[in-house]
Amino acid sequence: MPRQNLVTKQRPLTCCRSAAPSLRRLFPPTSPLFELTTSGSSVPLLITSPPLPIMDAVAFSSAPNPSPMPFSSGSPSSRAHRLSLRGPRRRRQQLPALRSHPSAPTSTSHHDVVVVGAGIVGLSIARHLLLHTPLSVAVADAAVPCSGATGAGQGYVWMSHRTPGSDTWELAVRSKQLWEELAAEMDGLGGGGARDSLGWMKTGSLLVGRTSEELAKLEEKTKVLSQAGINAECLSASSLRALEPALSVGNDGGAMFLPEDRQIDAFQAVSLIEKTNSSFSPKGRYMALYNDPAMSLIRSEVTGRVEGVQTSKNILYGRKAVVVASGAWTRSLLHSFLGPNSTLDIPVKPRKGHLLVLEKFDKLKLNHGIMELGYVDHQGDNSNSLPLSSKSNEDEHDASSISMTATLNTKGHLVLGSSREFKGFSREVDKSILKSIWDRAGKFFPALNNVHLDIDENKEIRIGHRPYMPDGKPVIGFVPDLSNVLIATGHEGSGLALSLGTAEMVTDMILGNPGRVDFTPFSIENRFSG
0 MPRQNLVTKQ
10 RPLTCCRSAA
20 PSLRRLFPPT
30 SPLFELTTSG
40 SSVPLLITSP
50 PLPIMDAVAF
60 SSAPNPSPMP
70 FSSGSPSSRA
80 HRLSLRGPRR
90 RRQQLPALRS
100 HPSAPTSTSH
110 HDVVVVGAGI
120 VGLSIARHLL
130 LHTPLSVAVA
140 DAAVPCSGAT
150 GAGQGYVWMS
160 HRTPGSDTWE
170 LAVRSKQLWE
180 ELAAEMDGLG
190 GGGARDSLGW
200 MKTGSLLVGR
210 TSEELAKLEE
220 KTKVLSQAGI
230 NAECLSASSL
240 RALEPALSVG
250 NDGGAMFLPE
260 DRQIDAFQAV
270 SLIEKTNSSF
280 SPKGRYMALY
290 NDPAMSLIRS
300 EVTGRVEGVQ
310 TSKNILYGRK
320 AVVVASGAWT
330 RSLLHSFLGP
340 NSTLDIPVKP
350 RKGHLLVLEK
360 FDKLKLNHGI
370 MELGYVDHQG
380 DNSNSLPLSS
390 KSNEDEHDAS
400 SISMTATLNT
410 KGHLVLGSSR
420 EFKGFSREVD
430 KSILKSIWDR
440 AGKFFPALNN
450 VHLDIDENKE
460 IRIGHRPYMP
470 DGKPVIGFVP
480 DLSNVLIATG
490 HEGSGLALSL
500 GTAEMVTDMI
510 LGNPGRVDFT
520 PFSIENRFSG
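In case it helps, numbering that gives the first Met the number 0 puts the sequence shown at residues 0 to 529.
All the given hints hold, so there is nothing to weed out.
Just the calculated beta-carbon pair ranges, DEER-fashion:
(1) K362 <-> G511: 53 to 63 Å
(2) E427 <-> P479: 30 to 40 Å
(3) K274 <-> N512: 24 to 34 Å
Distance condition first, Cα-Cα at most 30 Å in a straight line; then the derived BS3-like pairs of lysine-lysine:
(4) K364 <-> K410
(5) K434 <-> K362
(6) K359 <-> K434
(7) K430 <-> K458
(8) K274 <-> K410
(9) K430 <-> K359
For the record, the hints were derived by calculation from the structure and aren't laboratory data. For glycine and all other residues, C-beta sits at the position ideal for the given N, C-alpha and C.
With the hints as constraints, model all of the structure from the sequences given.
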């Protein structure tokens, strides 16, 4: 939105830092977001887009290595967008092509690594670099953390829907191990431990089916996972009733039970990672720039090497690497970065999903995280490595799908899903999808059929855009002909679960290390054709 079209027409307001918290009383969360920058002891304010809550804004000092200063001490869940009939829009403006001479933004800073994207993958990459190397990191995002796919998920750290021997298997195993280690570290600190800091729950998972055919599939899957070293058990309908009384699968169904699967809260996990990253700011090793979209890459006129990223307000030089971890927006961002003559086309596209959140829901008690087998069938997971140019038609797989997923989080909120559809970047709430999610859940939980759900009430609706890849596996690796630019995207609904392993992999790539997980299946090289 051009700033001259804004109501204030760029009229700056100024207040002292001590008055900043009171701004929330003057401007409700529905007000447009204010850009907060630092000038001495005053905070000039300028209205910008997109419309996000003011508590999500971050102020930065004008020092060469600024550190983030959040204007709210609220819980991370305060970032959750509560939707009634319309959702917040995550706006990405059209970006100019690669350039050698950037225009003059407000400031310039130098770092070892620049990460574009502050979802769980981008923030985890920054965290791993900060904790395990001496490198400095800057993160830039067009919005704020948890405003995209990260904040719209259910937080599964599961192996039940994985396939041993597939291209993503080792990455999933390693990522789960890293989450377990982080949870153990948090538990070792005392207090509320991993439950309070991560929303960590040792619920185990139930992958359920309602027919004899589905039960046969679950029995086979149990056998395969057990052979791969996963603690898995197949349960008959009667055994399942004893374990999860509220769940009904009929007489012919059953479930696969994985007691060691875990659940996590994305908002709490992101808050912990942000806290860890920000602890390196006073040392000059970390900078986070939110509501500051990447505009172009900066290349050396002499060598052609990418030297950094220009955002809408800053120039961020990256001495060692630039990492693009912008989820479903990566494809259009790369087109803008690389220009019209580039033949590289990574066919990641947004796969929209709805989740319905019922706060403090006491009409249904769940002991485990639950997912129907159909969810796995609709994932489109394909471990075969094939050129994808012929499979990236935007019109393919248009039909929406609904599969039952159900969890209770640490706050007692019932989270029901899940939908999948290709609707571009639409953030509109589809009431028919929500009704289908509720009706589908009622087939598995009869108690819900006695509960009236008014979709028009002020429920929390989570809408996100999973970064979908046609071959069902992420893209993690260097961009051909750009020796210091890496991509990390395409995790679809597994960004949270795979984030720590992805972060370790990207760090190893930057350092030139062989890595704990084979890089080859995720490489860009020879995987895509223009």
